[in-house]
Every structure is written in structure tokens, then in C-alpha cells.
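Residue numbers (our numbering), protein chains in the order written: chain A, 1 to 332; chain B, 1 to 306; chain C, 1 to 327.
Just to be clear, a hint being listed does not mean it is correct.
With a Cα cut of at most 27 Å, we get these calculated DSS-like pairs of lysine-lysine [as the list claims (entries may be wrong)]: (1) K78/A <-> K209/B; (2) K266/A <-> K61/C; (3) K266/A <-> K252/C; (4) K266/A <-> K176/A; (5) K176/A <-> K209/B; (6) K72/A <-> K176/A; (7) K61/C <-> K41/B; (8) K72/A <-> K3/A; (9) K64/C <-> K283/C; (10) K91/A <-> K41/B; (11) K68/C <-> K302/C; (12) K129/A <-> K209/B; (13) K3/A <-> K129/A; (14) K41/B <-> K129/A; (15) K64/C <-> K7/C; (16) K72/A <-> K209/B; (17) K203/A <-> K78/A; (18) K201/C <-> K145/C.
Everything labelled a hint here was simulated from the structure, so no lab data went into it.
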Amino acid sequence: MSKMLLDVQDIRTEFWVSGNGLFQPKRKLCAVDDVSFSLREGETLGVVGESGCGKSTLGRSLLRLIEPTAGKVVWQGKDIAGLSPEEMRQKRRDMQMIFQDPIASLDPRMTIGDIIAEPLTVFEAGLSKVERRGRVLDVMDTVGLSGDMLNRYPHEFSGGQAQRIGIARAIITRPKLVVCDEPVSALDVSIQAQIINLLQELKRKFGLTMIFISHDLSIMRLISDRIMVLYLGRVVELADKADLFADPKHPYTRALLSAAPVPDPKTARARQRIVLRGDPPSPLNPPSGCAFRTRCPLAEARCATREQELTPVSEGHEIACEVVAETGPRLA
Amino acid sequence: MLGSEKRDALVDALEPDHGDGFAPKGRSLTEDAMRRFRRNKAALVSVYVLGALILVSLIGPFFIPFGYEDPDWAAFRLPPDFASGHYFGTDQNGRDMLARTLYGTRVSLMVALVATLVSIVIGVTYGSIAGYLGGRTDAIMMRFVDIMYALPYILFVILLMVIFGRNVILLFIGIGAVEWLTMARIVRGQTLSLREREFIEAARAAGLKPFQIIRRHIAPNLVGPVVIFATLTVPEIIVTESFLSYLGFGVQEPLTSLGTLIAEGADVMEVMPWLLGFPAGFLITMLLTLAFIGDGLRDAFDPKDV
Amino acid sequence: MTENIFKSENLTVRFDTPDGEVQAVSGLNLTIAPGETVAIVGESGSGKSQTFLSVMGLLAKNGKASGKAILEGRDLLTMRPRELDVYRGRDISMVFQDPMTGLNPSLKISRQLTETLEVHQGCTRQEADAKALAMLEAVGIPDPKSRFRMYPHELSGGMRQRVMIAMALLCEPKLLIADEPTTALDVTIQAQILELFAQLKDRFNTALVLITHDLGVVAGLADRVFVMYAGRVVEEAPVDDLFEDPKHPYTKALLASTPRIDTDLESLEPIPGRPPNLQRLPKGCAFAARCAFAEAQCREIKPALNPVADRRTCACLLVPTEERASA
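All chains should be modelled from the sequences, with the hints used to inform the complete structure.
Structure follows, in C-alpha cells:
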């Protein structure tokens, strides 16, 4: 097995949200609640969940674009959560990010050549102009952009091309880890497929390790090796891809899988859907015990009293649901 | 991408806007804005009118046989008259009004330009630092601005004048030092919203230092609002200077400015209306054209409103 | 087929832009039977939304619609705004992607719902309240009485979309247009809303037009599908036929590039390139530049939408002639 790259232990990110009224006290919002996982070199971890589940905050907390409140992020054996801002900045060479809105993540006043070269100006300041331009052209070629677009501006590009620019910027320093935050959800289906294939190709070519954040399980099925399901800031299930799709255990995962639309009318009609009642609860005021119990078809009295810990149910498959762990999954 | 490259190239070839030569230059946002600006007739005409006005005030005095401070002993209180060469007439001291008006325009423009520059430099630096760093730094920096705001600026300028004596340079500094407050507030507001944009986060992820981010990403994206606000600041400063001159705190005789001329003209407008009319005409033209240009720039930089 | 309740003839939508005229929708012919669910599928810029915005008289200021859009024998496009107001909301209504755009943030839910009833059906306040409450119940809003007194921002996204649907259904329209109704929602909420549409369709016998980019949503809900590309319909088919045997290369490519949750795929087959610029549409088939099967003739001749099989049409020069003959 390959080396461990990242080991995250009980990372927690809290925000303070101002109260409703003028004199209401500030309230604590726990966006990421004691999440732990580890990541091997070359592996792709999918982080899936609905809006407000803390998946984007988790990605940003790992890179310390948002400061986590507690927990350890062990990067190649060293905890980076305690590094000074300057030391952390140096680490960014190895950990890059791809953003959701491809156009908005590019500075509208810079040419794309300058945008892609930006990490180089920080980490390889010694490069000459010609060398830098050579590197930019190389990486543009890798992501499928023609080099003659070097001097154009972001607003002249379509979403798909802009995302290629974002990817080029992220990989120009040859990082070890790339966090992809919903990189294709703003794109049309046909373009989405191009970007997914490009990411897969880069993963193969450079042995990139990726954390792929998305709300779309069908994309996860293509690109991830392991999948982590988040609900209200907590991990509810963590499993290898094959395991998760073949034998989803947590009731929330099962509901997510069955809710995802299938582009085939016969299957769509034949499928039995678990339609969850109600909306996800507010993270400002999470339910006691298991956060999912308010919508869970299997909820029992004990779910309200105890927080669920992530426990292994089989090799490499963990869930945070003692009801299922004891009795096995049942259909609601 | 593998395999699809050829077809991608084909798609690109179908789009005729791919110029020839390697890496053709793209259209930047500023260029786009300028293109929209040029389509705005009122603004474009204003640019030419203002340009002509500036040009005349700069080189005009060289072609006039009269100095702005030399009395023509042969002509006191002369109405506009072509025969004697006093096209705008003369004042009570026999000084040529054309020369004085042009000189006054020059001084007013100078004050406006320098004060605006001062306010841009201080305001942008101050506002973007406060906005980007946020938190306590922001709170302290902006409270200082609030306190400065609370001081009546006329009092502030008068105080400067009293302490250091009347001095044009001091006037520049005094007005600029007051005007930057508004600029700083605007820039800070813009920076706060820019800071939340994804490309700033991308820059942080790319490992840039805070000051690099301000210089490379925040400042260039402030160009639009700053330019727009600056065009609105210029007339404000001209009016402020006129007002101060009117009160007697402005430039000193024999040097003059549009405000001083208007102040003097207003006293005698019933007997010698040309002393008020010409400087006032110049001032109004300048303010109007600047307002049109400011409007045009705003529409050009922010096309969503059109 | 039964009498159609809606029919468009040569519906064309043009926009005046500073860079010239853009034809967003070109010569669209479509028919909708009562109670039928028709899906319009396409990517951004395919003209799928503009089509029905023009029918509703909701085009942006620089937009112009021509052709005919006939709802029960009356052409909506030639109506004066006053006349159109009578039909809008009563016989034809629309649900948008972002429920906030359709709801007035400063009015209570109750007022927004009862207003339509009072305007269109001359109900009294009490009647309208009762009807609106019943409708909120019908769209599955728990505890409708308390929600009735709330403002839109106090509701979650899914709840807002339910309110929008309730509002659209209040006057029991004959035609309900849903423009990407679930795109802004989470997967589990999307499932709820789709389920709701399926129930309401049966209950009110409303014809539903579902505008979407998501083939998964189409498969679960639609009876008939129109696929649009660059402002034109390229294929029309009953839903089962379309997914089983797509005829047009674009439909095929779209299906091949859609990720699947139900099977393991090695990789997707993306469509190369990007959609054409509507200002510079090529002379021939708009898809030719990205099409894996394109031939020389495709770049010269614009294919017409021809019948290719029972209840199926396709706009492609390469769909075999024998199939055309059999239609």
C-alpha cells in the first residue's frame, strides 16, 4: 500500500453567527464536527452531502483557508494545524484547490497566462519570464487549452474552459493534494464530462491525491476511490466506493442513493425510492443525539439521547448508526 | 484532451474571432468599458469639451498679450470689447478678464487634480488595507475615519490656514486630507465584497501574502469604482475650493481661481456682469462635463445598470 | 391523439444585443395534449427556457417572439398585455428555478396565494383563504396554518418551491410550465418535489412542461421529450424510445456523457468542444462541429425535423432514410 499523505483527526470548525435581534447573543454554528479520516497517496476521497452539511467548509479547513477551531491535520507526518501563517503559506505549494464557480475564481483583470502563472511567482520566484511562460504553456497543453489563449481575459471564456484554467493554476506547482470543491456542478452535462475525464487523466498521469467535494453521487461513482457521507457536519458513513454503492448501510446514504435520478425511464419506474420527509435541520439548532433522527425512517428512542460514533461494520466500512450496526439495514 | 484535440481545434477554427499570430491579445475589462464609454455620446462630447477647456487654460495665456496680474492703465472696468483686445473685458483694476479666467481655471483644475490624487492614494491604500485585513484592524481604522468625519472640515481648513498662513499648497493638502475619508469608505466597502469573491480565495490558496493579494488582486479590481468616484470628487473639490475662496480662505491675490473670481464678480454683478458671467460659465461647463463623464464611466464600468 | 391544449407554430425568439441580433429559438413546433408531461431538454443556451418565457410574455426587454403559440385556440403572442394577464396565472402558469424570484419577499405567504384567487376568480377573502390553505396541504406543506402567516425568507428552499407550485396550481391551470424546478434544490428535496409533481399531475390532470438539463429528472417524470440544441429541436420522442434508442447524434452523445449512479462506468464519453455561439451559427447543422458522425454535407445543409418512426422526429441528415420512409 502506498504512503499515508494526510491524517485528519477530529477536525472541528465553528462559526459565530450574530443573533436574530440587536441584543441577541451570538450563536455558535458548528459547520464541521469532529471529522476524522486519512488519505493515502494517489487516493481520491469523495466528500458528499447536501447543502449546509459542511463539505465545503471541511475542504477549506484542511487547507486552512478557513481556520479550524480544533483538531489535527497531519500532513506527511507533521501537524499543519499549528503552523504559523507564513509556514502554512509555504505548504500551499503542495496542496491546491479547484473551485466551484470557474469564472468567479479567476481575477477578471488578469490575463489567463498571468493567472495560471501566479503560484509560480510565489513558489518559484527565481524563474525567468521565458521559463515561466514555458511552464504555463506546458500546463495549458496538459489541460487541453491552446497556447494562443495566453493573453486573453477570463470573461472571454466559457465555463468549461475557465475551469480548465482553474485546474491549470492548481497543478502548475505539481501539488501532491488537490481539493476539488464541486468543480463541475456549474457546468453543462457535456462539458462536465470533459472536466471529469480531464481530472481522471491528471490523477493517472501525476498520481494526484484528491479530495473531491460534490453533492452528486453519480459523479462520485466515477471519480472516487473512497466516499465519505456528511450530514450536518458529521460523518455518517465512510466506505470504499464499491462497498458504498453495493451495500450502503446508513439510512441517510441509502436515501441519498435512492433519491438520485437515473437517466433511464425503466429503471426509474422500477426503483423503490426512499423519500425522506422534511428538510435538513438547521445547523444552528441541531437535534440532540443523532442529527439525522428527525428524518430517519429507522429512528428509535435511543437515537435522541446518544451521539452516534463512527464504528466499523466491515473491512474499511464505517457508519455512525448503532441501530443499523446491530440489526443490519432494513428498508423503511 | 486526448483524441478530442483535433475536434476542439475545429470548433475553435469555426470561431472567426481567433486572430492570427501567436497568442493574440484579449480584450480586457477596462478596454471593454472604454468601448462602451465611447458609445455614450454625451460623455464623449464632454470629454472633448473638457479637453478643449483644459488645453485653452494651459496654452491660452501664452497667446494673450495681457498678464493676469498686470493692469491695463488704458482700460478699467471695460465691458467685453474686441477693438482693445480685451475679449472678456477688464476688472476694476484694469486686469484682463480672459487672462484671469484662464488662470483661474488652471488653478482650480490644479487644486482639484492634486487633491483628488491625494485622496485616491490615501483613500485606496487605507480603505483596501482596512477592508482586506478586517476584524479589529478594520474597526480601529474605520473609527478613526469616523472621528475625522465628525470634525467640520471647514473648521479644519480654517485651522490649518490660521496656523500655517494662507498657502495654495496647504489648500491642496487640506482639501485632499478631507476628501480621502469618503474614498476610504467606498474602497473599504468594495474591498469587503471583493474579499468574499472566489478569486481572492484562489489567490490565498495559491500562497500569496496578504499584501500581494491587495496589490495584485484587490487594487486592480477597484479601478472602476475609484475612477467613477474620482470624477465625482473633482467637481466637489472645485466647488469646495470656490467656497473657501469665497469665504476668503482660498488662493491669494493676485493669484486667482474660479471661485475667487466668482466671489469678486458676484459683488458687482449688477454693474459689471461680465466679471461674474465668464468665470461662472467656465465653472459650470467644467462641472457639467465632469458629471457627464462620471455618469458615462459608471455606465461603462457597470453595464448591468444600462 | 386527442385535441391539443397547446400548440406552437414556427415559434421564434430573437434578442437585440449590442453585438447584433441573436436568434435564441428558431422555428419551434410543438404540441401538448391535456394531462401530458412534456420535457424540454437542453444545455444552457439551447433556448429551452426562452421558448416558454416568450409564451408567457416574460421575455427580457430586448427580446421579440414571432410565430404562433396557441393555447386552446387563442394565440398568446398576439394578445395585448391586458388580455394576456387574464390567461397568465389562470390557464397557464409557471414555476421557476429559484423560488425566491417568484415570491415577493415583503408579503406573507397567505397574501401572495390569495391575491391570484381574488384577481382571477373573484373569491372573497374567506373563500380564498380556505382554498389556499387546502392547496398548501395538497402540495405537502406540513402545518400549513402556521406557514400561511410566514414570509418567504422564513421557509426553506424546498418549502418555497412547494409554495410556488401551490401558487401556480391555485387556479387549476391547464398548462403548468416548470423551468428547472429542482435544479436549485438538494437531492433529497428534489426527490420530494418530483414525487409531488407526479402526484399533482394525476390529481389535477394538468399538462406539464418540464424544462430541464437533467436527463435523470426527465426519465422519472416525462411522457414525451423534446431535445433542443442551439435554439432548435433536434429530436422528439416518447420517453422510453428516447432513452432506449436515441436517434440524433446529440441525444446519443448527451446520454453517453451523463454520469450514472446505477452502474459502474470506467469513464464518460464527453462531447468535444462547446456549444456554438448563437451569433455565428454555422451554415449547416449546428452540432456538426462536435458530432462524431459528421460528414461533409452536414456542414452545408441545415437538417429539417422529419418524422423518423412512430411519434418520433429527428433533425439529422444521417438518420437512415428507410426509417424515414416507415413513418
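Against the structure, the hints come out as follows:
1. K78/A <-> K209/B: holds (23 Å)
2. K266/A <-> K61/C: Answer violated: K266/A to K61/C is near 42 Å, above 27 Å.
3. K266/A <-> K252/C: holds (17 Å)
4. K266/A <-> K176/A: violated (43 Å)
5. K176/A <-> K209/B: holds (21 Å)
6. K72/A <-> K176/A: Measuring from Cα to Cα gives roughly 19 Å; hence the hint holds.
7. K61/C <-> K41/B: holds (22 Å)
8. K72/A <-> K3/A: holds (18 Å)
9. K64/C <-> K283/C: Holds. K64/C to K283/C sits at ~23 Å (cutoff 27 Å).
10. K91/A <-> K41/B: violated (53 Å)
11. K68/C <-> K302/C: holds (22 Å)
12. K129/A <-> K209/B: Holds, at about 21 Å.
13. K3/A <-> K129/A: violated (36 Å)
14. K41/B <-> K129/A: violated (42 Å)
15. K64/C <-> K7/C: Distance ~19 Å between K64/C and K7/C Cα, so the pair holds.
16. K72/A <-> K209/B: It holds: about 24 Å lies between the C-alpha atoms, which stays within 27 Å.
17. K203/A <-> K78/A: holds (24 Å)
18. K201/C <-> K145/C: holds (24 Å)
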